[in-house]
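These protein sequence lines map, in sequence, to chains A and B. When you line the first sequence up against the working numbering, it's residues 5 to 349, in that order. When you line the second sequence up against the working numbering, it's residues 5 to 349, in that order.
Keep in mind that a hint or two might mislead.
The list treats identical chains as interchangeable, and a pair is accepted whether it falls inside one copy or across any two copies.
With a Cα cut of at most 30 Å, we get these calculated DSS-like pairs of lysine-lysine [unchecked claim]: (1) K31 / K126; (2) K286 / K200; (3) K212 / K11; (4) K38 / K179; (5) K179 / K31; (6) K179 / K51; (7) K31 / K286; (8) K11 / K179; (9) K73 / K126; (10) K79 / K213; (11) K209 / K126; (12) K53 / K200; (13) K184 / K31.
Hints are computed from structural coordinates only; laboratory data are not their basis.
There are 2 protein chains.
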Amino acid sequence: MTANRIKIAMLGFGNVGRAFARLLTEKQGEILDKFNVWVDVAAISTKSKGCLVNEDGINLSEALNDIEKFNHFDKKRKDYREMTSLEVAESVDYDILFELTPLQIFSGQPAIDHIKAAFKRKKHAVSANKGPLAWAYEELRDLANKNRVHFFYETTVMDGTPVFNLVDETLKFCKITEIKGILNSTTNFVLEEIAKGKAYDEVIKEGKKRGFVEEDPAMDIEGWDAAAKIAALLNVLMGANITPYDVDRKGIEDITFEQIKEAENRGNVIKLICYGGIENGKVIARVRPEEVSKSSLLASITGTTSIVSLTTDMMGTVSIVEHEPEIEQTAYGVFSDLIRVLGNM
Amino acid sequence: MTANRIKIAMLGFGNVGRAFARLLTEKQGEILDKFNVWVDVAAISTKSKGCLVNEDGINLSEALNDIEKFNHFDKKRKDYREMTSLEVAESVDYDILFELTPLQIFSGQPAIDHIKAAFKRKKHAVSANKGPLAWAYEELRDLANKNRVHFFYETTVMDGTPVFNLVDETLKFCKITEIKGILNSTTNFVLEEIAKGKAYDEVIKEGKKRGFVEEDPAMDIEGWDAAAKIAALLNVLMGANITPYDVDRKGIEDITFEQIKEAENRGNVIKLICYGGIENGKVIARVRPEEVSKSSLLASITGTTSIVSLTTDMMGTVSIVEHEPEIEQTAYGVFSDLIRVLGNM
Chain A
5 MTANRIKIAM LGFGNVGRAF ARLLTEKQGE ILDKFNVWVD VAAISTKSKG
55 CLVNEDGINL SEALNDIEKF NHFDKKRKDY REMTSLEVAE SVDYDILFEL
105 TPLQIFSGQP AIDHIKAAFK RKKHAVSANK GPLAWAYEEL RDLANKNRVH
155 FFYETTVMDG TPVFNLVDET LKFCKITEIK GILNSTTNFV LEEIAKGKAY
205 DEVIKEGKKR GFVEEDPAMD IEGWDAAAKI AALLNVLMGA NITPYDVDRK
255 GIEDITFEQI KEAENRGNVI KLICYGGIEN GKVIARVRPE EVSKSSLLAS
305 ITGTTSIVSL TTDMMGTVSI VEHEPEIEQT AYGVFSDLIR VLGNM
Chain B
5 MTANRIKIAM LGFGNVGRAF ARLLTEKQGE ILDKFNVWVD VAAISTKSKG
55 CLVNEDGINL SEALNDIEKF NHFDKKRKDY REMTSLEVAE SVDYDILFEL
105 TPLQIFSGQP AIDHIKAAFK RKKHAVSANK GPLAWAYEEL RDLANKNRVH
155 FFYETTVMDG TPVFNLVDET LKFCKITEIK GILNSTTNFV LEEIAKGKAY
205 DEVIKEGKKR GFVEEDPAMD IEGWDAAAKI AALLNVLMGA NITPYDVDRK
255 GIEDITFEQI KEAENRGNVI KLICYGGIEN GKVIARVRPE EVSKSSLLAS
305 ITGTTSIVSL TTDMMGTVSI VEHEPEIEQT AYGVFSDLIR VLGNM
């Protein structure tokens, strides 16, 4: 039996894109066995490293090599193009779009436009970028439904840990009534370091060196990343139709060593808690530092580990924990969405 | 469009069976909307409360009423029968068998024979009884595959919390390499009460009164229930092909107040930990009391809350927590398996 060919377009080729490309190469044989499908990468676009387009399939190991060695695709390659991600989304022949570009936290763009372009052409889309869910979920969902294509985004919250799939595939018929979690590892790390008596600036510096803290730490520290995540969760799982601006948000920038010590004396620790629930018939969302008992499940979530607790009408509360993820877990999230599309095609 | 009729046979009508019957009644309309299927209960068998058979559908509220009022089905009902569960499994006309009889922890019988009878007749089976998984999983799986029918059993470990479905539906392509958990709430409760300085006998007495401890507490206290659960998990998720006898098992019967205090002085608590992993290419399993750090995730699992941590080749470690379940969560587990059969028919 001749294998079917599925062509994917990858927008973005940063750490996640490259880890996904490696995983895809590794698992190609297994995909062929299970689905009788051969997955070709027809395009890889980047903002500053050039673009490759080859509808017969890009050689992924050469593409990975180029970036590793030169941090740019080799302009002499036959499949080298000067194209933007939007141009790729709009014009290349592909079956599934992978939105892997960096998050623009205050607009979700241009990722939203990339995904819209795919849906309008009746192509499936997988997003590892939470911006589209935080800023335009309902519009994108409706557009996907109208064009009868799939839209999956497991990686956007807690990497490859099943959250959206958990609800869709294993908690069928359940209504989600409340969501609570620790979803930002930078703030989790910073609070723990400050508790050790380190100065705020020193912690940020060390975090940057160790890769836990972004070049501009404000988005994490001020709770914007957490707000985008709880907005994404609430939009998808509770039909909230909100943006990160609607989240009652307070970051950890004002938390002092003294406050942490006082909490400790009360048997508590301070965590940046994301919360969504229903008040007066409306979904409300907040992100703020809260004291939780030292012996609680939430207090046990340290370092880069994260948790989300989902309260349901039929199954009580279920929590899922991701333990100290590495880039491979993010790649698995993207891969699992690919598998979900293939399984539903 | 005329709805399809699906007939189910319920073996066992204890707390779980009755809660499932109530949930089914409540959700019938939603099932009809989603699957265009009307689910009729064609048989309910019990060991000591009589049996009902009606291929046009038993009146569930009357059946529930009988048990509530008389603890026995009304022998004057037209659909009253004197039949055993095995006779029902072998002779009634049904599409899906629900094995809800009490666990026989040292054999898995007669539940195994009930399920075999269904498979031989090319009927699907849902088991809330872990015995069949702990004692005869591979044989049953092969028989189901041979007859092209479904075999689901989400409720057997952690009630309705997705564990088997989590792996099957949301961790696709992952291999499970290690399983760890706190899966027995009786021992969790007893250890916490002994830590408060209460005498062992007093704790057992109180636990029985509050419903946490079975009439014969030995199966929990000596770790047999936990051993059956880890055997079930390892058989299904890691192809272990073991029985509870193969689990290196130590219960909590010898744990003293002094040992708990000594652990506490080391910053630890004692928990009955289930573990399965690979050693020298072979799956090994154990259940034993272990000291875990007070600030750990495992230590935060108190009372009737339970947890399982799954280590995978691609997705690192993922843990799922069930919080203080009631009978409704068990009923949801059975219901979710019904939905899974309906979605795959």
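Hint check results:
For a Cα distance limit of 30 Å, the shortest separation of K31 from K126 inside one copy, 26 Å, qualifies, whereas the shortest one across copies, 35 Å, does not. For the identical chains of this complex, K286 and K200 are neighbours neither inside a copy (40 Å) nor across copies (43 Å), given an alpha-carbon limit of 30 Å. For the identical chains of this complex, K212 and K11 are neighbours neither inside a copy (37 Å) nor across copies (61 Å), given an alpha-carbon limit of 30 Å. Only between protomers do K38 and K179 lie at most 30 Å apart by alpha-carbon distance; the minimum there is 15 Å, versus 32 Å within a single protomer.
In this assembly of identical chains, K179 and K31 lie within 30 Å of each other by CA distance solely across copies; the values are 13 Å between and 35 Å within a copy. In the homo-oligomer, the alpha carbons of K179 and K51 never lie at most 30 Å apart, since the shortest distance is 40 Å inside one protomer and 36 Å across protomers. In the homo-oligomer, the alpha carbons of K31 and K286 lie at most 30 Å apart only across protomers (25 Å), although the nearest pairing inside one protomer, at 44 Å, exceeds that limit. Taking the shortest alpha-carbon separations for K11 and K179, only the inter-copy value of 27 Å comes in at or below 30 Å, while the best intra-copy value is 36 Å.
Proximity of K73 and K126 under a CA criterion of 30 Å is satisfied in neither setting, with 36 Å inside one chain copy and 59 Å between copies. Taking the shortest alpha-carbon separations for K79 and K213, neither the intra-copy value of 32 Å nor the inter-copy value of 77 Å comes in at or below 30 Å. Within a single copy, K209 and K126 get their C-alpha atoms no closer than 46 Å, and across copies no closer than 65 Å, so neither meets the 30 Å cut-off. When the C-alpha separation of K53 and K200 is checked against a cutoff of 30 Å, the pair qualifies neither within a copy, at 41 Å, nor between copies, at 63 Å.
Within a single copy, K184 and K31 get their C-alpha atoms only as close as 34 Å, which misses the 30 Å cut-off; across copies the closest is 27 Å, which meets it.
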